[in-house]
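*Asks:* In case you want the letters, here they are:
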Amino acid sequence: MYDAIVVGARCAGASTALLLARRGHRVLVVDRSSFPSDVISTHFLWPHGMSYLNRWGLLEQVLAVTPAHTTVEVVNDGISLTGSVPIELLREYFRDLHGDDSGVVQSCASVRRRVLDEILVGAAAKAGAEVRTSFTVRELIVEDGQVVGIRGRTVDGELVEERARIVVGADGRNSFVARTLALPKYDERPRCTFAYWSYWSGFDLGPAQLHRRGRLACAVVPTNFDQNMVLVWGPSEWSREFRHDVPGNYQKALDFVSPELGEVVRTRGTREERIYGTLDQSAFLRPLHGPGWVLVGDAESAKDQCTAIGMTHAFRDAELVSAALDRWLRGDTSIDEAMTVYGDRRRSQNAAAYHDYVCTLAEMRPYRHDELQLFVALRGNQQETDRFIATHADVAPVSEFFQASNLFLLNDAAKESSADHAVFEDFAETSRSYQQNLFA
Amino acid sequence: MTTELDQREDGELIGIILDAAHRGDFETMARTASEVSEMTRNWATHIPWDDLASLEGADDELARVVADLTEMWEPAHLRNPVDPDEEYALDKNAYDFYRPAGRNLLTRTEDFYGWVQARRRTETWQYSRVLEAAPDSVAQITNDLGRRARGINFNSQDYLSFNTHPAIREAAAKAMHDYGPHSAGSPMVLGNTRISDDLEAALGDLVGLDHVTLFPTGWAAGFGAVVGLVRQSDHILIDRLAHSCLQQGARAATRNVVRYEHLNVEAVRRHLAEIRATDTRNGILVVTDGLFSVDADWPDLVTLQRVCREHDATLLVDVAHDLGSMGPGGTGVLGMQNLLGSVDIVMGAFSKTFCSNGGFVASNSPALKQYVKMFGGSHFFSNALSPVQTAVVREATRIIRSDEGDALRARLFTAIHALRDELTGRGLTCMGEPSPIVPLLIGNEKLARTANRLLFDRGVLAFMVEFPVTPTGSSRFRLQVQAGHRPEEAREAARIIEGAIADSRAYLSSAFGSAPR
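From first to last, the protein sequence lines are chains L and D.
Just add 197 to the spot in the first sequence (first one is 1) and you have the working numbering.
Just add 7 to the spot in the second sequence (first one is 1) and you have the working numbering.
Worth flagging that the hints you see were computed from the coordinates, not collected in a lab.
Please note that a few of the clues may not be correct.
Claimed, not checked - What the simulated footprint calls covered on chain D by chain L, stretch by stretch (three residues with Cβ under 8 Å from a Cβ of chain L suffice, anywhere in the stretch; the number is not a length): (1) 168-181; (2) 255-265.
To be verified - Each computed DSBU-like pair below joins lysine-lysine, with the alpha-carbon atoms no more than 30 Å apart: (3) D/Lys99 to L/Lys382; (4) L/Lys612 to D/Lys99; (5) D/Lys181 to D/Lys380.
Glycine included, C-beta positions come from ideal geometry on N, C-alpha and C.
Turn these sequences into a full structure, and let the hints steer you where they fit.
*Replies:* Printed below as a string of structure tokens:
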């Protein structure tokens with residue numbers, strides 16, 4: 198009999214197992230995969246994601262093999278902003294959400310899952326969690342409406358049954374736990390992006406760059422093995438046409454969004470792997486918990502990749518849920534009360550506002566004149582640029598940046614105007630041309 | 008690596024598997040699945056990648072796998088069609104239209120208008136409702152589509168229910184008879200009457216300050232006071248949530264504007280010290296509301312005024328919502344903090360408790376009064392309050408200060424407590440402190456807009472506020488309570504509101520709650 202069985206041993210699961218084991222609870226964590234291995238992911242960690250790793254003592258191990266930077270460059274229709282998430286906002290985030298702000302770091306990094314997940318699984322095992330890989334969960338054991346354990350097949354093909362006081366579903370968007378319990382989906386937003394990416398060697402462009410033009414975007418981010426992740430994305434309405442020629446359209450999208458990057462990739466880059474892709478990214482929430490079970494990470498709240506927040510959110514959930522479960526397992530509170538605390542944090546107004554923010558961005562509508570003008574107004578205003586980046590990354594609440602008096606002030610303090618940026622010439626025509634499917 | 012490089016992309020492979028499934032070609036399905044990347048296999052753990060061949064004959068399971076693969080393969084919006092008007096109406100925000108494109112000022116407002124029309128068609132536009140009769144605790148209104156509704160009225164800012172008070176109506180009728188409907192001109196020319204002088208004296212008495220100036224609206228008073236006093240080299244520290252008239256006044260007056268964290272007096276002290284460290288020559292105006300209408304709370308004005316004096320800064324407090332409706336003898340937040348007569352500048356509005364239009368600026372300085380009259384453009388260059396309005400406010404001020412005023416405030420607060428207790432008891436979040444404004448936090452705009460649509464037909468008239476009044480993602484119902492609300496009416500309204508929110512959540516299939524963070 199375990200205190201907790203965690204289904205899924207990647208960002209959400211291994212972390213939850215690690216944190217519960219460190220608090221002295223008996224934990225079993227299982228995963229279908231063996232490690233190291235990859236999984237579909239844009240594998241970017243924002244500074245709060247890196248801070249979690251640091252709080253758990255794992256950051257050094259990650260940084261030993263992964264390039265990291267404190268700044269990111271965001272270029273929207275040629276309007277470039279460079280900034281970093283302010284340390285005070287990071288501290289505030291950790292104090293508000295977790296009650297302490299230790300271990301905060303300002304860097305961000307792109308970590309391949311075959312690197313990161315192995316570190317997490319190793320740390321969970323070292324902390325005393327029992328880790329079983331190549332383990333397939335076949336059934337949830339339910340008694341009197343209460344989930345009390347799992348039945349599954351071990352790596353040797355043996356069928357086993359394990360029981361625990363709680364089963365944590367950390368098994369991603371397609372969660373077996375959620376599907377078996379037939380959990381409904383809430384707050385669905387079907388419009389999302391398609392994303393295609395691969396890994397390139399041959400160039401080093403420094404910190405992460407995110408570019409957006411019309412309805413398409415691309416990112417070049419340095420990652421492990423001296424490679425760059427080069428990612429393009431666009432509205433899923435265009436995905437069928439994109440698929441007709443994936444390598445050709447991948448380059449075409451790069452050339453369209455940033456001719457400079459397209460040139461670098463074409464002339465200096467060597468592609469090291471096949472091109473990967475997904476368009477199954479529509480956002481939804483699931484119920485967070487029920488009798489004998491609780492969900493964390495993508496299983497409870499899946500979102501589009503366009504703000505690259507999934508892994509950071511999985512770490513956040515791991516800290517929240519392990520703190521809540523710990524109080525209950527120690528007998529300090531009831532399970533209902535512990536889950537209410539977890540639920541309040543995860544279904545808060547700020548969470549709702551960020552959900553809407555990501556989903557709206559994922560529709561990949563061409564930026565409107567006023568949105569682009571906001572980016573112009575931010576140029577030269579480092580403090581507000583940083584706050585905008587912090588808002589984009591879900592460190593600072595959407596409501597604090599997108600507040601009337603703040604936006605008016607930003608406008609008034611602008612140092613540049615639309616006259617300084619080419620996109621505003623004949624804007625109406627440009628905007629219309631952006632509606633054309635580039636791959637049709 | 009080369010072999011991995013040459014492998015086909017997963018989307019193409021899934022396409023082939025789906026085609027093969029339709030042909031019943033299980034061999035191709037299994038062979039193609041083995042080429043699917045580790046990335047996708049580890050992600051789509053619900054697909055039995057290694058066992059596709061075994062699906063032969065298992066029709067139900069095959070159908071499920073085909074459905075799951077299709078979900079990965081087809082854009083989701085093709086599966087879940089939505090009403091485009093409703094989607095457009097609910098997903099947008101007024102801020103999305105703040106910077107229209109194009110050089111033709113007449114045509115570039117069309118985009119915004121398109122959104123307004125979508126919200127009207129979906130009955131989620133809260134801004135164009137009209138009254139069909141004098142409102143009291145119940146009102147009858149018509150919406151954009153000409154539909155009528157009658158409901159418990161939380162839309163009036165008539166906190167002491169003066170709109171139906173016989174003495175108020177009598178005062179209006181008498182002024183109409185004596186002076187006619189027109190104020191002859193600007194108060195600087197001949198717009199004021201004997202009643203105006205009486206009113207200035209009565210208001211000065213109420214807030215404990217000797218010199219009062221009247222303005223045609225509350226907005227004009229706030230804007231005029233700020234632009235009248237502050238020049239380009241001066242500084243303004245303003246609470247983030249201070250009223251729009253003060254925010255816009257600040258923007259018009261100087262670029263040196265700091266918006267400090269709501270209610271944070273320590274932040275003000277810090278900002279003042281920073282400014283005074285480099286600028287000892289110019290003025291600093293610190294601006295706050297008394298009772299904040301958005302969050303129903305108020306600052307520690309005692310400390311704020313002291314901090315201002317320590318740094319040679321001037322404090323302006325807007326008492327539009329609290330004066331008359333709360334505090335000892337209706338003296339509002341100032342009276343509650345024993346500050347009558349000792350705040351630098353006080354401004355207020357008559358549009359709430361005083362049952363009219365108009366506003367005022369008060370201080371202990373006759374010089375400041377004359378200066379603001381001259382340089383606060385909204386005083387000099389607007390027609391004065393009409394004699395009817397002035398008389399109504401004067402009569403309202405008299406009642407506010409009388410025993411009847413105390414009785415009305417007691418009734419008001421009984422209704423406020425009934426409403427807040429019932430809402431809180433039902434698990435909803437009332438923000439701030441008990442005051443005539445009860446902000447009921449909703450958060451998500453979509454939820455607020457659809458709940459508002461339901462309330463229209465269910466007998467509660469509540470005003471929904473969203474951006475630009477509140478920050479994005481922090482919408483709420485602003486329930487404005489009146490002395491005329493019976494406690495049972497307030498509780499009934501709370502029950503109806505809770506039902507509407509629950510039904511909207513179900514309609515939107517939303518799992519978000521109302522905890523703030």
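*Asks:* Any hints this thing doesn't respect? Which numbers, in order?
*Replies:* 1
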